[in-house]
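Position chain X relative to chain P; hints supplied.
From first to last, the protein sequence lines are chains P and X.
Heads up: the first sequence begins at 1 in the numbering used here, then just goes up one per residue.
Heads up: the second sequence begins at 1001 in the numbering used here, then just goes up one per residue.
These are calculated hints, taken from the structure and not from any lab test.
Glycine is no exception: its CB is placed at the ideal position from the N, C-alpha and C atoms.
Just so you know, nobody snuck in bad clues.
Below are the DSSO-like pairs computed for lysine-lysine, each with C-alpha atoms no more than 27 Å apart in a straight line:
| id | chain 1 | residue 1 | chain 2 | residue 2 |
| --- | --- | --- | --- | --- |
| 1 | X | Lys1054 | X | Lys1029 |
| 2 | P | Lys102 | X | Lys1069 |
| 3 | P | Lys101 | X | Lys1120 |
| 4 | X | Lys1119 | P | Lys102 |
Beyond 12 Å from chain X on every Cβ pair, some chain P residues (computed):
| id | residue |
| --- | --- |
| 5 | Leu53 |
| 6 | Val87 |
| 7 | Pro138 |
| 8 | Gln162 |
| 9 | Gly178 |
| 10 | Leu195 |
| 11 | Thr238 |
| 12 | Met251 |
| 13 | Tyr279 |
| 14 | Gly280 |
The lines below spell out each chain.
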Amino acid sequence: MLIPIVAGMGLNFGIVLGAMAGQIALIFITDWHIIGIQGIFLATIISIPFSVLLGILAGKILNKAKGREMITSMILGFFINGVYQLVVLYGMGNIIHITDKKLLLSRGYGVRNAVDLINVRRGLDSLINLKIYNVEIPIFTLLIIAGLGFFTIWFRKTKLGQDMRAVGQDMEVARSSGINVPKTRVLAIVISTVLAGFGQIIYLQNIGTMNTYNSHEQIGMFSIAALLVGGASSSKATIFNAISGVILFHMLFIVSPNAGKNIMGSAEIGEYFRVFISYGIVALTLVLHQWRRKKEKEYKRKKEMEAIMKGELNEKNI
Amino acid sequence: MKKIFNWIFLLIFVLIMSTIFFFTGKQHKVLLTNKGKGENAIKTNVVYSIDNQKTKKIRYRKKSSYYIKGINHVIKVSYKLENEKEVEIEKEFKAKISAIEQIDIQKIIKEEKDWITYKKSK
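Bound-form chain P, shown alone (with noise of 0.2 Å):
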């Protein structure tokens, strides 16, 4: 999410597509029965390819809407969840061949509804974790977070983020600074869809079951309501807001239920408040984005016409 951020693409609700990814790569390792911690690793390897492709998609798509990618980025999410709906739901077991038949519908084509991932269930987490007081806290997970947010700030360092700076500060300065910016934004896209994709599996296989047809549709909402609630904004995000943002965005789930019981007697307000504050943020930030870039753009065009009247001015005087 933070590197489409920095190549000034906004925030990237097409992250589902790399969700979709990681789903499908999940489905066949759970088929071919490989299982643990080589299901997890195997999976993440299958599931580069699809992102890299759904990534480019979404890039070349992205730079047919300069200034409107979130907009695109989320319509584009439902389009892909569409074909990925086809190919899941008639694909496999017809086209694609599935030799678990306990995966499929009892119609012999298509995935169940709830793909059981017990094998690989905790796979990550539990390779290193540590005891303190019955709670178990997954030190292997946390180090590749760690890795990735590394990878993060490492990325933004080098030749290709450099360059993804440059094109989000001014796309036209960049290209005549011999910047190739399609091709800069294809790739800070498909760097995104990878990771979005990495991120769905540590996500599944902590929780153990995936739900074929809906558990990558709330990701691209969930995490940047997160990233938001962290403080970011969607031309401006760190490691930080992402962290901060998921441990503060996490905390509304546990607190806004009781919150809800202790205040107005239901739970289920509670559940209420949270929808209406992390989408609220959401909402409001966006707005904001707006608001300020539409001031930028006026401000703009006022200097420029001082400008120009000030050169009509003095060539008048001449």
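What follows is chain X alone, placed relative to chain P:
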């Protein structure tokens, strides 16, 4: 040119890693039987353990199934003789891709060679 070599190297590395993960993470079903034929049958209940995991018991004339991961495995079979002396036999075996391993406990006890057979899984 260096870029192409780097990509080829990366691709080969990923393929090798995928193959390793596939073979070492593949789950296999093992069917164990403790049925003897004729007068030579050793009518005893046995306790077995695969890869030093939790022990399981199979009574005489019964079957059992077990799931294993990877290629190389060790099975330990222990049973009691008529004089209450405990005997433990350790055997190494390999799992085959897309095959169910059928282990005959009686043949292990009798030290016969074909104690493991492979049945193609559907």
